[in-house]
Amino acid sequence: MYFKKLSQAIIILFLLIFTITGCSIPLETIPEKAKDNIEPVAKTTFLMGTIVKITIFDKLENDAVFTKVFDRIEEIENKMTINKNTDKSEIIKLNNAAGKDFVQLSPETFYVLEKGRHFSVLSNGQFDITIGPIVKLWNIDKENASVPDDTLIKNKLPLVNYRNLLLNKTELKAKLLKEKMIVDLGAIAKGYAADEVAKILKENGIKHAIINLGGNILTLGTKPDGTLWRLGLQDPYEPRGDYMAIVKLNNQTLVSSGTYEKYFEQNGKRYHHIIDPQTGYPAENNLISVSIITRKSIDGDALSTAIFLLGLEKGMKLIEKSPDTEAIFITNDKKVYVSSGINEDIFKIVDDQYKLQK
Amino acid sequence: MKFKKGDILIFIFLLIAVIGWFLQDSIWTDVDKKIAIIEIDGEIYNTIFFDNLKDKQEFTIDLPDNNYIYITSEKDGIYVNDASCPDKVCEKTGKISKAGQNIVCLPNKVVIYIQGANEKNIDDVSY
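For the record, the sequence lines run as chains A and B. Take 16 as the starting number for the first sequence in this note's numbering and just add one per residue. Take 25 as the starting number for the second sequence in this note's numbering and just add one per residue.
The set of hints was computed from the structure by calculation and includes no laboratory data. Everything numeric in this text was worked out from a predicted model, so none of it was measured. Among the hints, a few may not be true.
[What the hints assert, rightly or not] SDA-like cross-link-like pairs, simulated, lysine to any residue; straight-line CA separation at most 25 Å:
(1) B/Lys-119 - A/Thr-274
(2) A/Lys-370 - A/Glu-359
(3) A/Lys-74 - B/Ile-68
(4) B/Lys-116 - A/Ile-303
(5) A/Lys-68 - B/Ile-68
(6) B/Lys-133 - A/Ala-79
(7) B/Lys-58 - A/Thr-59
(8) B/Lys-112 - A/Tyr-275
(9) A/Lys-83 - B/Glu-63
(10) A/Lys-363 - B/Gln-139
(11) B/Lys-58 - A/Tyr-252
(12) B/Lys-99 - B/Lys-112
(13) A/Lys-329 - A/Ser-354
(14) A/Lys-277 - B/Ile-64
(15) A/Lys-58 - B/Ser-121
(16) A/Lys-58 - B/Pro-131
(17) B/Lys-133 - A/Thr-274
[As the list claims (entries may be wrong)] One side only, chain B facing chain A, incomplete, derived with CB under 8 Å:
(18) Asp-65
(19) Thr-117
(20) Gly-118
(21) Ile-146
(22) Asp-147
(23) Asp-148
Backbone N, C-alpha and C define an ideal beta-carbon position, used for all residues, glycine too.
Using the sequences plus the hints, can you model the full thing?
In structure tokens:
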């Protein structure tokens, strides 16, 4: 008798499990296919030294908008690069005139420089827009990259100081005070480009899209069915594309900075691309990645580097003071820290090796 | 106290069903066939169906300006052996095998990625 009751109880439990989970799972997957008949259109190209992917979820008559967007990114790249051999780059002109003259800038280059200085001030120099001389020394993209001579680094460090970048807003002019100073917009220009892409897409009537500039994500609106975008967050220890968490976004940007993106190894030690302007060496603060969620991608881009360099404690304090801005920190030992505005509705770890810290 | 035959049968059946329910993700991941796609400068260059591979397949793609990329595809994944790029990020990535994973060679504008049913869970990845 006792066991008869037990099996009845199990059957009821079993039915309960299936009615609850069995209902909820199909509901989540069906709308994707059934509801929105429009297949997203994605185009990929290589610009700004990275891979650019634009995915549009609205009905498109033709591909013209992609051409517009890619041309615009190329225009921004040419104006702001220090890595390409082009006479169009206003930043190369500014760097070449270091210690000598003021240089006339376009409004948009001025805007990006001003943003760069803003985040340099905000992070008290932990992020520095004039890091160029040190970045050039490390040459992390190049073949046989190796650790630069320590005296070379020490000699170049005094050139890194955003306070020696003068900005004249009324005349849109800028000047670097010391000779051989180098402005590097590498940690901010992609974010600006993403914002500009969003602008062009909106002007062309597009309401739902994902802009992906080398892993920096900017979403336009929501998904066509009104639900939030679901973005994977890169697992720092796995090949690109493997995610350890899901972040939900609505008209927001998600930008990550991590030691896994670019690096080389020498004598068994890993040297990554996020250089600490105070020491001239890659930052070592037990963080492996920082991701920022905010409105403008230019802010997300600069903040992901700035907050990484500030480290967990100071970085978290700055995030908590910034409106509409959240951050996800991952440490080398797979601990995850999130700012106060992030809850389980918008952030879910899907790999249980990673532990959310309270 | 004794189990009745029916009790045991029901119990075993339920046990299998429940275990199966929780293991379904790992059992059925390969139901939808996985393919590797190689793209050069945004255009699809080649598609590899892992199920059709008999043996290891090795090939070199010649790229503009005397550049090249040397790729090996095995039944359980694909990787870059060598490429004419300065940073060697593509080689360091190692073998990829799961849907959504990708290898990027920026200097040569080559992307290799695995497509399958699993990645549909998300819209894109931030890295």
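Hint-by-hint comparison with the structure:
1. B/Lys-119 - A/Thr-274: With Cα atoms ~20 Å apart, B/Lys-119 and A/Thr-274 stay inside 25 Å; holds.
2. A/Lys-370 - A/Glu-359: Holds, at about 13 Å.
3. A/Lys-74 - B/Ile-68: Holds, at about 23 Å.
4. B/Lys-116 - A/Ile-303: With a Cα-Cα distance of about 17 Å, the restraint between B/Lys-116 and A/Ile-303 holds, given a limit of 25 Å.
5. A/Lys-68 - B/Ile-68: Holds, because 14 Å separates the two Cα atoms, which is no more than 25 Å.
6. B/Lys-133 - A/Ala-79: holds (22 Å)
7. B/Lys-58 - A/Thr-59: holds (21 Å)
8. B/Lys-112 - A/Tyr-275: holds (13 Å)
9. A/Lys-83 - B/Glu-63: holds (22 Å)
10. A/Lys-363 - B/Gln-139: holds (23 Å)
11. B/Lys-58 - A/Tyr-252: Roughly 23 Å separates the two Cα atoms, so the pair holds.
12. B/Lys-99 - B/Lys-112: At roughly 24 Å apart (the allowed maximum being 25 Å), B/Lys-112 and B/Lys-99 satisfy the hint.
13. A/Lys-329 - A/Ser-354: holds (12 Å)
14. A/Lys-277 - B/Ile-64: holds (21 Å)
15. A/Lys-58 - B/Ser-121: Holds, at roughly 23 Å.
16. A/Lys-58 - B/Pro-131: Within the cut-off at roughly 18 Å; holds.
17. B/Lys-133 - A/Thr-274: Status holds; Cα separation ~22 Å.
18. Asp-65: holds (7 Å)
19. Thr-117: Since the shortest Cβ distance to chain A is 5 Å, the answer is holds.
20. Gly-118: holds (6 Å)
21. Ile-146: holds (4 Å)
22. Asp-147: This hint holds: B/Asp-147 lies near chain A, its Cβ roughly 5 Å from the closest one there, short of 8 Å.
23. Asp-148: holds (5 Å)
Checked against the numbered hints above, the structure breaks none of them.
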